[in-house]
Every structure is written in C-alpha cells, then in structure tokens.
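Given these sequences and hints, build the entire structure.
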Amino acid sequence: MRLIYRLNLSFGILLFAVLAITAVLLYPLLSNTLIEGQRKEMRVAGRLYLNELQAVPGQTLEIAKLQNGSPSNGPTEPMEAIWAQSLNQLFYSQLTAAKTVEWANFFAFQKVNGVPQQTNGAYIIESISSRGFIDPNNPYSTTFMMTTPLSTIKSMQWALFSRMLLILSAGGALAFLLSMFITRKLVTPLTDLRKELKKVETRRFSEVELVKSSGEVGEVAQSVYQLAGELEKYHRAQKQFFQNASHELKTPLMSIQGYAEGIRDGIFTGEHADKGLETIAEECERLKKIVTEMILLAKLESEEGIFENFDIPVQNLITKTVERMNPLLLDKGIHIEVSSMPDWGKQPHIKVDPEKLLQALLNIVGNASRYAKETIRINVSENDNRVAIEICDDGEGISEAILPRLFQRFVKGQDGQTGLGLAISRAIVERCHGQISAHNRTNGGAAFVLSFPTSQAS
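Letter by letter, the sequence shown follows residues 1 to 458 in the UniProt record's numbering.
Errors might be hidden in some of the hints.
[Unchecked claim] Computed list of lysine-lysine pairs in PhoX-like fashion (alpha-carbon distance at most 25 Å, straight line): (1) K412 <-> K299; (2) K275 <-> K250; (3) K412 <-> K239; (4) K275 <-> K289; (5) K351 <-> K299; (6) K195 <-> K212; (7) K351 <-> K250.
Simulated from the structure, these hints should not be mistaken for lab results.
Shown next as structure tokens:
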C-alpha cells in the first residue's frame, strides 16, 4: 500500500476512534447535565411557589391518609404541584383531584423507598424541606416534593446529542479532507524524491532533478541533488582516470614491447640494440614510478592508519624542504627565497604527519621548479588561528584550461610528468586537516597556498 493511502487510512481510523469515544462519553454526561439543570429549575420554581403561598395563603386540598401501596409505573401525566409530605397536604396543583391523589400515593411510594431526590422509572423527583412552614408550632420538617417526566429530558438530550453528533461528524469530515490535502502536499515531494533516488540507484546522476519542497523534505531533496552532482563528478573523474591511466601505462609498455621485439627479431643490433635496452630500462623505471604513485594515492585516499599527526613547528618543514630541493635547483640556476618571520623562535605549530607533508611540499616545489625562471619564493603567515604556506614561482603561470582540474589525477601541464604529484599533495594536505589551492599571480607566475589550523602547542 502506498504511503499516502496508509497515512489517510491511519488518520481516518484515529479520527473515527476519537469521535466514537467522544460520543460515548458525551451522551451520559449530557444526560446528567440536563437532569441537574432540571433539578435546579424545579428547586427555584418550588421556592417561588412556596413564597407565593406564604404571602397569600390559599385553600389547601385535604388528601386521605396515604396508603403504603405503590403505583406500578408512577403517574401517567406531567404534573405541577407542591405537596407537603409530612402533613399529607397539597398546597398547589394543576391536576384534577383524582390525579392529585394518584400523585400523592406516588410521593408516598418515593418516601417509603427512601429515594425522594432520585429518578424513579421515567420521572425526576425533587424535594424542598421547610421546618414550620405550614404550622409554626409543628416541630417536624415539612418536605415539599416536585416531579417532572424524564421523557422530556430524554427527548431534549437526544435532540442536543443529534445536533452535536452532526457537528462532530461535519467537523471530522472537514478535518479528514484537510488531512488528505496536507498529506498529499507532504507525500508528493517524497514520491518525487523516491523517483530521483531511483535514478541515483541506476547511476543516472546527470538526470537527477531538484525536488522543490520546504522544511526538512526540502533539505533532504537539496542534499540528494548535491549528492547526485558530486557522484556525477566522481563518475566522470573515474572514467577520466581509467582513460588516463590506460594511456599512461600503455605508452611505456608499447615502447618496451617494440624495442624488445625488435631486439629479439634482430632488427636492432649493435648500438641500436644497446639504445633499445637503455630505453626499455628507462620506460620500466617510469612505469614503476607511475604504479608506485598510483598505489600511494590510493592508500592516501582510503586507508586510515597510515597518518601519524603530531605538533611540529612550521620552520622545521620549510627548512627541510629547502635543504632537500637546493641541490636540484642549483643545477637549474634557480634559488629559493624564504620570507623571514619577525621571530623564528615563535613560529606557529601545526598538527600534521611531518614526513608525508614534507613529501607534499617537495612535490609542489618540484612542480614549480619546472616552470620557474629564476626564483621560487616560500612565504609563511598566520591569521585567525590558521597558518598559510604560500609557494610562488616567476614562471608563465598555470593554463586557465586546467586550473580548475589541477589537483585531479593525471592532469598535467606542458612539461608535466605523471600527473599524479599534485593529486598526491592534495590528498596529503586534506588528510592533515588542511586546504590547498592554486591561482595565477597578477604579476606573473603561479602560487600554491597550503592552509592549516594552528595547534595548541603554538
């Protein structure tokens, strides 16, 4: 069953249960309320009658001595009367004498059975006690009793209950229709989102569309859309990686195969054979380097336990980088300039894996040495609890075509080698909780910026 149907059915059952329980509880409560209201009216009316009789004494109707017999079903007609039970006297009545006697017997039945203020069958009995009202010398209390048929209350109860039930039913139907509308508004984006997730499941990342919604559903839809975009980029990068990897591996293999077959078949002899063997050795070394860097990059991006980060001063990393690169740069006529800090002894510390970050710095400086004309400059600065290491060269800069993809695998410039060095540097920097970026300087040359948070040891 679809979600929207399940939600509507659940809400409908819940609404029906609430209305049913409300009706069951309301019906007797309504009866009790009406009976209590009727009792109050009877007491007020009785006291008014008594006040009138006291002000203007009227002729009383003497009733014969009451018998202990009880009418089977009580009086059969409504009555307005005031009866003094202890004196066996009727002070006010709208009925005939015969009916009055019948009511008097009924009052006596009520008194004998001890329920003068309770309902009996289809009637409500109410009594008003007044000591010495008829005869001031009478020490006994006189009880005036009134009655009204319960059928009137029942009919009023059913009429009110029917109207309230109709109102509750109409309100319930309106609430159910409103819930269906709200449920559809909530479930429709989820249904659309499920369709988009099916596209992700089948790797149709480029076909995923943004589901427009608000609230948490909108946030999830936005996340799914962004996830699909990232997966599409990753998918394209993977395809590009395999294409580039196959190309990079195929080139030295074809060279090795060509020279090996030529030497085997006697095509290359003498010096040509020696040159072919030398080429085979060089290509094998190049192939070994590519495979080694590919394995290293895979480890850097996937394995968790290969990094050992601890606090080190930035000065140590810069010093080791310069010492390692100086011999290679002197042969090319390039020198390194390091911006001096006010106090090297107070250099900030960063929490990194020193050996791996040193390898990243060597890769970047080595990359800069292939394009620099005379100078490579290393600047260290600190701002907002972050340390920035900037490596600049005075070359021609980075091609705008490859600048956005510079740190991807097998992306290389005109004089690049394997195209994996900067990708390895990016992986190392990010695993050290840092950031790396590259841009072209306004006065010429390229600049690489490595940024790290300062450690507590600073």
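**Asked** Which of the numbered hints above does this structure break?
**Response** 7
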